[in-house]
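J.: Sequence:
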Amino acid sequence: MDATTIGALIAGAAAVIGAVVAFVGKRGETAITGYSSLTNDLQEERDALRTQLAEAHALRAADQAEITRLRIEIARLGGTP
1 MDATTIGALI AGAAAVIGAV VAFVGKRGET AITGYSSLTN DLQEERDALR
51 TQLAEAHALR AADQAEITRL RIEIARLGGT P
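In this text, residue positions in the sequence shown follow the working numbering: the first is 1, and each later residue adds one.
Keep in mind that the hints were calculated from the coordinates and are not lab data. Computed from a predicted structure; not experimentally measured. Incorrect hints may have been included.
[Said to hold, decoys possible] Label-pair ranges, simulated between beta-carbon atoms: (1) L70 to I32: 56 to 66 Å; (2) A54 to I74: 28 to 38 Å; (3) V20 to R50: 50 to 60 Å; (4) E44 to G78: 30 to 40 Å; (5) R27 to A54: 38 to 48 Å; (6) T33 to G12: 30 to 40 Å; (7) S37 to R71: 43 to 53 Å.
Even glycine gets a Cβ: it sits at the ideal position worked out from N, Cα and C.
Can you build the whole structure from these sequences, using the hints too?
T.: Printed below as a string of structure tokens:
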């Protein structure tokens with residue numbers, strides 16, 4: 001083989017290796033994008049659940065205050081709470 005043939009084979013091998021590297025890199029980029037999107041979705045869901053939990057705690061506190069007020073009123077009227 002002469003130098004031109006060897007050069008052509010090396011260039012062909014480099015092109016194939018470059019294509020494989022680009023393909024693998026694109027797959028990794030797609031996986032990272034998917035992971036990042038999933039992470040964002042989970043964080044949004046977590047924030048929504050925290051808001052719902054805070055609302056539930058506020059409702060429970062309001063209910064407890066009303067129960068206490070009603071017990072006081074029952075006792076004031078002569079009943080047994």
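J.: Hints first: check each against the structure and report whether it holds.
T.: Hint check results:
The supplied range of 56 to 66 Å is met by L70 and I32, whose beta-carbon atoms lie about 57 Å from each other. Checked against the given bound of 28 to 38 Å, the beta carbons of A54 and I74, roughly 31 Å apart, stay inside it. Under the hint 50 to 60 Å, the C-beta atoms of V20 and R50, about 45 Å apart, miss the expected range. In this structure the hint that E44 and G78 lie 30 to 40 Å apart at CB is violated, the actual value being about 54 Å.
For R27 paired with A54, a C-beta distance near 41 Å keeps the hint of 38 to 48 Å intact. Between T33 and G12 the beta carbon distance is about 32 Å. The supplied range of 30 to 40 Å therefore holds. Hint check: S37 to R71, Cβ distance near 51 Å, so the stated range 43 to 53 Å holds.
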